[in-house]
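> Chain residues, written in single-letter form:
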Amino acid sequence: MKTDDRFAGERPKLSPFYPRQKELNIREAWSAWNGYKFAEYYYDLEYEYFCVRNLCGTYDITPMQKYEISGRDAETMLNRMVTRDVKKIGLNRVAYCLWCTDEGRMIDDGTIFRLADDRFMLTCGSPCTAWLRKSCFGFDDVTVTDITDDLPALSLQGPTSCAVLKKMGLTGIDEAKPFDIRFFPFHGEQLMVSRTGFTGDLGYELWIPRDLALKMWDELYEAGEDLGIQPYGEAATNMARLEAAFIMPDMEFNEALRTVNFEHDQTPFELNLGWLVDFKKPHFSGRSALLEEKQRGPRYTLTKLDIEGNRPATEAYIYADKRCTKEVGYVTSAMWSPAVKANIALAMIRTEHLESNLWAEIYYTKELRQYSRVARCKKMNKPFWTPARARATPPADY
Amino acid sequence: MSNYDAIVIGAGHNGLTNAAYLAKAGLNVVVLEKNDYIGGAAVSRELHEGWTYSSCSYVCSMMRQAIHRDLDLAKHGLILVPYLGTVNFGEGDERLFSYHDETAAYLELKRHSSHDADAMHRFQTDLTRYSQLIRKTLMRTPPDPTSFRPRDLMELMYLAKQFWKLGEKEIYEYVRFFTMSAAEYLDDYFENDLIKAAMASPGIIGTALGVYSPGSAYILLHHVMGDVDGSIGAWGLARGGMGAISQSIASALQANDGEIRTNAGVSKVLVEGGKAVGVVLENGDELRAGIVVSNLDAKRTFTRIMDKDDLPDGIYDRARNFKIRGSSGKVNIALSGMPMFAGVPDNKYLNRGGQGFTGSLETMERAYDCWKHGRWSDDPFVESVIPSAWDPTVAPTGQHWMSNFVQYCPPTLADGPWTPEKRDAFGESVISKIERYSPGFRDLIVHMEVRTPHEIENEIGLTEGNIFQGELTIDQLFFNRPFPGYGQYRMPVKNMYMCGSSTHPGGGVSAVCGANAAREILMDLRRPNTVPEDDFYDE
Numbered sequence: 001m002k003t004d005d006r007f008a009g010e011r012p013k014l015s016p017f018y019p020r021q022k023e024l025n026i027r028e029a030w031s032a033w034n035g036y037k038f039a040e041y042y043y044d045l046e047y048e049y050f051c052v053r054n055l056c057g058t059y060d061i062t063p064m065q066k067y068e069i070s071g072r073d074a075e076t077m078l079n080r081m082v083t084r085d086v087k088k089i090g091l092n093r094v095a096y097c098l099w100c101t102d103e104g105r106m107i108d109d110g111t112i113f114r115l116a117d118d119r120f121m122l123t124c125g126s127p128c129t130a131w132l133r134k135s136c137f138g139f140d141d142v143t144v145t146d147i148t149d150d151l152p153a154l155s156l157q158g159p160t161s162c163a164v165l166k167k168m169g170l171t172g173i174d175e176a177k178p179f180d181i182r183f184f185p186f187h188g189e190q191l192m193v194s195r196t197g198f199t200g201d202l203g204y205e206l207w208i209p210r211d212l213a214l215k216m217w218d219e220l221y222e223a224g225e226d227l228g229i230q231p232y233g234e235a236a237t238n239m240a241r242l243e244a245a246f247i248m249p250d251m252e253f254n255e256a257l258r259t260v261n262f263e264h265d266q267t268p269f270e271l272n273l274g275w276l277v278d279f280k281k282p283h284f285s286g287r288s289a290l291l292e293e294k295q296r297g298p299r300y301t302l303t304k305l306d307i308e309g310n311r312p313a314t315e316a317y318i319y320a321d322k323r324c325t326k327e328v329g330y331v332t333s334a335m336w337s338p339a340v341k342a343n344i345a346l347a348m349i350r351t352e353h354l355e356s357n358l359w360a361e362i363y364y365t366k367e368l369r370q371y372s373r374v375a376r377c378k379k380m381n382k383p384f385w386t387p388a389r390a391r392a393t394p395p396a397d398y
Numbered sequence: 001m002s003n004y005d006a007i008v009i010g011a012g013h014n015g016l017t018n019a020a021y022l023a024k025a026g027l028n029v030v031v032l033e034k035n036d037y038i039g040g041a042a043v044s045r046e047l048h049e050g051w052t053y054s055s056c057s058y059v060c061s062m063m064r065q066a067i068h069r070d071l072d073l074a075k076h077g078l079i080l081v082p083y084l085g086t087v088n089f090g091e092g093d094e095r096l097f098s099y100h101d102e103t104a105a106y107l108e109l110k111r112h113s114s115h116d117a118d119a120m121h122r123f124q125t126d127l128t129r130y131s132q133l134i135r136k137t138l139m140r141t142p143p144d145p146t147s148f149r150p151r152d153l154m155e156l157m158y159l160a161k162q163f164w165k166l167g168e169k170e171i172y173e174y175v176r177f178f179t180m181s182a183a184e185y186l187d188d189y190f191e192n193d194l195i196k197a198a199m200a201s202p203g204i205i206g207t208a209l210g211v212y213s214p215g216s217a218y219i220l221l222h223h224v225m226g227d228v229d230g231s232i233g234a235w236g237l238a239r240g241g242m243g244a245i246s247q248s249i250a251s252a253l254q255a256n257d258g259e260i261r262t263n264a265g266v267s268k269v270l271v272e273g274g275k276a277v278g279v280v281l282e283n284g285d286e287l288r289a290g291i292v293v294s295n296l297d298a299k300r301t302f303t304r305i306m307d308k309d310d311l312p313d314g315i316y317d318r319a320r321n322f323k324i325r326g327s328s329g330k331v332n333i334a335l336s337g338m339p340m341f342a343g344v345p346d347n348k349y350l351n352r353g354g355q356g357f358t359g360s361l362e363t364m365e366r367a368y369d370c371w372k373h374g375r376w377s378d379d380p381f382v383e384s385v386i387p388s389a390w391d392p393t394v395a396p397t398g399q400h401w402m403s404n405f406v407q408y409c410p411p412t413l414a415d416g417p418w419t420p421e422k423r424d425a426f427g428e429s430v431i432s433k434i435e436r437y438s439p440g441f442r443d444l445i446v447h448m449e450v451r452t453p454h455e456i457e458n459e460i461g462l463t464e465g466n467i468f469q470g471e472l473t474i475d476q477l478f479f480n481r482p483f484p485g486y487g488q489y490r491m492p493v494k495n496m497y498m499c500g501s502s503t504h505p506g507g508g509v510s511a512v513c514g515a516n517a518a519r520e521i522l523m524d525l526r527r528p529n530t531v532p533e534d535d536f537y538d539e
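One line per chain: the protein sequences are F and Z, in this order.
Here my numbering is used: the first residue of the first sequence is 1, the next is one more, and so on.
Here my numbering is used: the first residue of the second sequence is 1, the next is one more, and so on.
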């Protein structure tokens with residue numbers, strides 16, 4: 001950044017992939033994520049969504065927060081912080097985790113990579129240095145390093161993703177099971193590939209030292225050219241993750257450390273993530289509050305809805321009667337799903353009303369006029385999009 | 001001898017849809033297919049190792065979302081992917097690019113004509129208004145205008161109400177629209193010939209009419225009233241080819257315990273005491289059922305598999321005179337690489353969707369003249385798509401297949417019957433047309449399948465190779481489809497129904513004809529309806 005730029009302090013940071021992204025962001029559709037200039041979409045939201053479901057696409061996860069946590073006490077410290085049992089994460093395996101305040105309210109979710117007995121990588125959506133420091137109190141041998149800027153990463157998702165990596169020369173990648181980590185030599189350094197992602201589809205995440213980022217992009221795009229590779233942005237990610245029923249901060253949950261109003265944050269049980277809370281392991285932050293919550297039952301429960309009609313129930317209230325007199329919840333995310341052909345939504349429903357007939361009051365506009373309709377909601381038990389290829393090892397080429 | 005509740009003749013997508021809804025209502029259903037593969041004109045076939053052609057229909061927009069959703073076709077493996085970017089090739093160097101982005105599309109029109117760029121807004125608005133109205137009739141049974149039954153009166157009232165909502169001026173315009181030619185209609189909006197030609201081309205597809213023939217304006221509308229996920233006028237590809245649509249519906253049918261028999265051509269519908277009671281197969285087997293549903297076109301149904309003496313007076317003649325003239329051919333080409341086109345930038349969002357080898361209105365009309373004289377055109381109108389650029393499953397990686405729809409191609413030639421040599425010469429006329437715009441195209445060809453109306457009729461049974469099972473002119477639409485007085489899927493013989501594109505709302509891979517017929521059948525059987533109502537974005 002030039003020092004004579006008087007707005008230097010306000011300009012977004014640029015990802016090491018930016019030179020290629022800039023060329024491909026034909027629509028100049030930029031937003032920002034954690035201080036990085038970040039694509040909302042590149043060409044067209046729907047086109048990119050279909051690349052993820054039909055071919056493959058890359059999503060820049062450089063701005064995602066990455067921390068290296070190492071030392072003799074690293075495992076115990078993490079186990080004290082997150083609700084899942086870190087001891088159970090095998091070497092070169094990844095686990096989805098979350099962590100809470102002492103009151104059992106969710107701070108954030110993320111993934112933990114076990115890279116050695118005493119070395120981990122934690123990734124999460126929002127910066128978390130202060131909470132990590134707090135969590136290290138009382139542990140002698142643990143070092144936390146923010147490696148966000150040093151380890152750029154691309155998420156490669158979609159049915160042809162494995163074929164692209166094979167074509168790129170990553171021999172044996174097809175043997176990686178979901179949540180496995182593999183390492184490949186790459187121009188004298190190491191390319192780490194995990195079979196992880198945020199789309200519910202077949203996909204991988206590629207982690208590369210900063211100076212090789214562009215080289216990796218170029219080799220990946222060369223391998224992927226005939227397999228439909230396309231960068232995608234925040235907008236398509238949000239569609240894909242909703243079909244997979246994955247939660248998003250600021251949509252499904254309000255980070256506890258940023259929540260002003262009492263209980264406007266959420267507990268893992270409310271978010272249907274009780275399976276991530278392990279009461280059998282040693283003490284962890286929020287344990288007693290969570291145990292109490294488990295016994296009492298959550299106030300709200302995040303519920304997957306298939307709603308009649310095709311108007312997305314964005315920000316709709318949910319009622320237990322068609323006349324909309326008994327309000328029992330609210331929609332957190334909603335969309336028309338092109339792949340599933342359903343009007344899908346995630347909604348927080350007061351737990352005691354889960355068995356009621358549910359109705360959404362949906363507002364929409366047509367040529368400047370407001371309309372509303374009341375639509376029946378059907379509760380779904382499974383994520384909306386669960387292709388078999390996401391679990392298959394080795395996956396097919398498309 | 002086996003007994004079924006219902007026999008459906010023909011495993012095209014409408015027959016399968018019809019059977020799926022009957023099976024869903026608990027009926028014991030069998031679908032009989034003469035070929036050893038299912039799908040009819042919505043079919044994927046591997047004719048050269050590694051390449052899967054959509055041999056007949058090739059793109060999808062009419063498929064009703066409500067049916068896709070209701071039969072859970074996504075779970076049965078169906079995914080429709082919209083494709084982007086169309087180039088229309090004019091005479092000489094002129095090119096018209098259809099960009100996906102609205103502003104880019106506007107500027108491109110402006111490059112040809114400022115006037116037309118602005119007029120496009122009015123054109124799209126008017127067309128959207130018309131298509132909204134038609135879309136509302138798709139998943140409804142047309143009323144019988146001569147009937148006084150409450151149901152027909154209610155339906156007429158519904159239509160009158162929808163019509164009235166257009167406003168007085170638009171009602172007049174609408175009626176006018178139905179009888180106009182595509183070219184005349186477009187004269188009202190545009191001045192540039194290539195723009196007019198490009199917009200007119202949907203008005204002739206599948207139809208033995210020219211751009212200047214009255215009635216072609218409606219056909220234009222028929223091609224733009226579909227949608228992909230609510231984006232009206234958009235077109236998509238079925239992943240795995242058009243056969244994926246039929247396969248997914250077949251899978252939904254089987255999940256409801258329906259049966260499909262291939263290599264089971266029907267030679268005759270059995271009629272006893274004025275009622276259809278079953279069928280005789282080509283191998284002589286007899287199958288009995290409470291009802292018989294024909295998914296074959298009206299002409300084939302009443303002149304080929306029914307006995308003239310079993311039909312009421314006049315029906316045989318109606319069927320014989322049913323307008324079902326073949327007008328198009330199809331050339332499927334396997335390519336060793338992606339073809340490049342002269343004057344088209346190497347922009348993957350633009351040059352891999354559709355190609356319209358349009359020429360001009362004059363070129364298209366001259367091609368029609370050839371058809372009238374019983375010849376194929378040596379300068380045909382060709383509409384192409386490269387599905388392999390969007391679908392990784394239909395060609396080896398890095399190689400491609402191109403679907404080429406060709407007009408005009410007559411069902412019978414003035415100089416005698418179709419022969420393999422004539423078929424190949426027809427294919428050659430298509431290749432040389434493409435080669436004109438894509439130098440080196442010929443060298444990329446690995447394999448090709450040339451289909452004239454003769455092949456289409458003989459393989460999948462569409463009379464004269466007419467892709468719509470009967471032309472979409474106003475005399476054969478709505479309550480007149482297939483014949484006046486028989487617009488509600490019930491045929492002149494009791495317990496006999498039709499469910500193919502010869503019925504309302506006509507051709508296209510929509511699954512609507514099959515679903516609508518199922519609703520009528522279930523009503524007659526006093527069974528609960530299993531067919532969903534339509535589900536509109538435009539409402």
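Hints are computed from structural coordinates only; laboratory data are not their basis.
Treat the hints loosely; a few may be bogus.
To be verified - The list that follows gives simulated cross-link-like pairs (lysine-lysine, DSS-like), each with its CA atoms no further than 30 Å apart:
id, chain 1, residue 1, chain 2, residue 2
1, Z, Lys372, Z, Lys323
2, Z, Lys75, F, Lys166
3, Z, Lys161, F, Lys37
4, F, Lys215, Z, Lys165
5, F, Lys304, F, Lys326
6, Z, Lys323, F, Lys322
7, F, Lys366, Z, Lys169
8, F, Lys88, F, Lys167
9, F, Lys378, Z, Lys165
10, Z, Lys348, F, Lys322
11, Z, Lys348, F, Lys166
12, F, Lys326, F, Lys280
13, F, Lys322, F, Lys280
14, Z, Lys494, F, Lys382
15, F, Lys366, Z, Lys348
16, Z, Lys75, F, Lys379
17, Z, Lys34, F, Lys366
18, Z, Lys348, F, Lys22
19, F, Lys304, Z, Lys75
20, F, Lys134, F, Lys87
21, F, Lys167, Z, Lys372
22, Z, Lys110, Z, Lys165
23, F, Lys304, F, Lys215
24, F, Lys322, F, Lys304
25, F, Lys167, F, Lys177
26, F, Lys322, Z, Lys494
27, Z, Lys372, F, Lys366
28, F, Lys88, F, Lys37
29, F, Lys134, F, Lys304
30, Z, Lys75, F, Lys177
31, Z, Lys275, F, Lys378
32, Z, Lys165, F, Lys366
33, F, Lys22, Z, Lys372
> So, for every hint listed, does it hold in this structure?
Consistency of the hints with the structure:
| no. | hint | verdict |
| --- | --- | --- |
| 1 | Z/Lys372 x Z/Lys323 | holds, 15 Å |
| 2 | Z/Lys75 x F/Lys166 | holds, 28 Å |
| 3 | Z/Lys161 x F/Lys37 | violated, 52 Å |
| 4 | F/Lys215 x Z/Lys165 | violated, 60 Å |
| 5 | F/Lys304 x F/Lys326 | holds, 20 Å |
| 6 | Z/Lys323 x F/Lys322 | violated, 50 Å |
| 7 | F/Lys366 x Z/Lys169 | holds, 22 Å |
| 8 | F/Lys88 x F/Lys167 | violated, 33 Å |
| 9 | F/Lys378 x Z/Lys165 | violated, 33 Å |
| 10 | Z/Lys348 x F/Lys322 | violated, 48 Å |
| 11 | Z/Lys348 x F/Lys166 | holds, 23 Å |
| 12 | F/Lys326 x F/Lys280 | violated, 39 Å |
| 13 | F/Lys322 x F/Lys280 | violated, 43 Å |
| 14 | Z/Lys494 x F/Lys382 | violated, 46 Å |
| 15 | F/Lys366 x Z/Lys348 | violated, 33 Å |
| 16 | Z/Lys75 x F/Lys379 | holds, 17 Å |
| 17 | Z/Lys34 x F/Lys366 | violated, 48 Å |
| 18 | Z/Lys348 x F/Lys22 | holds, 17 Å |
| 19 | F/Lys304 x Z/Lys75 | holds, 17 Å |
| 20 | F/Lys134 x F/Lys87 | holds, 21 Å |
| 21 | F/Lys167 x Z/Lys372 | violated, 53 Å |
| 22 | Z/Lys110 x Z/Lys165 | violated, 33 Å |
| 23 | F/Lys304 x F/Lys215 | violated, 41 Å |
| 24 | F/Lys322 x F/Lys304 | holds, 19 Å |
| 25 | F/Lys167 x F/Lys177 | holds, 18 Å |
| 26 | F/Lys322 x Z/Lys494 | violated, 43 Å |
| 27 | Z/Lys372 x F/Lys366 | violated, 46 Å |
| 28 | F/Lys88 x F/Lys37 | violated, 37 Å |
| 29 | F/Lys134 x F/Lys304 | violated, 35 Å |
| 30 | Z/Lys75 x F/Lys177 | holds, 24 Å |
| 31 | Z/Lys275 x F/Lys378 | violated, 43 Å |
| 32 | Z/Lys165 x F/Lys366 | holds, 16 Å |
| 33 | F/Lys22 x Z/Lys372 | violated, 54 Å |
The structure is inconsistent with the numbered hints 3, 4, 6, 8, 9, 10, 12, 13, 14, 15, 17, 21, 22, 23, 26, 27, 28, 29, 31 and 33, although it conforms to all the rest.
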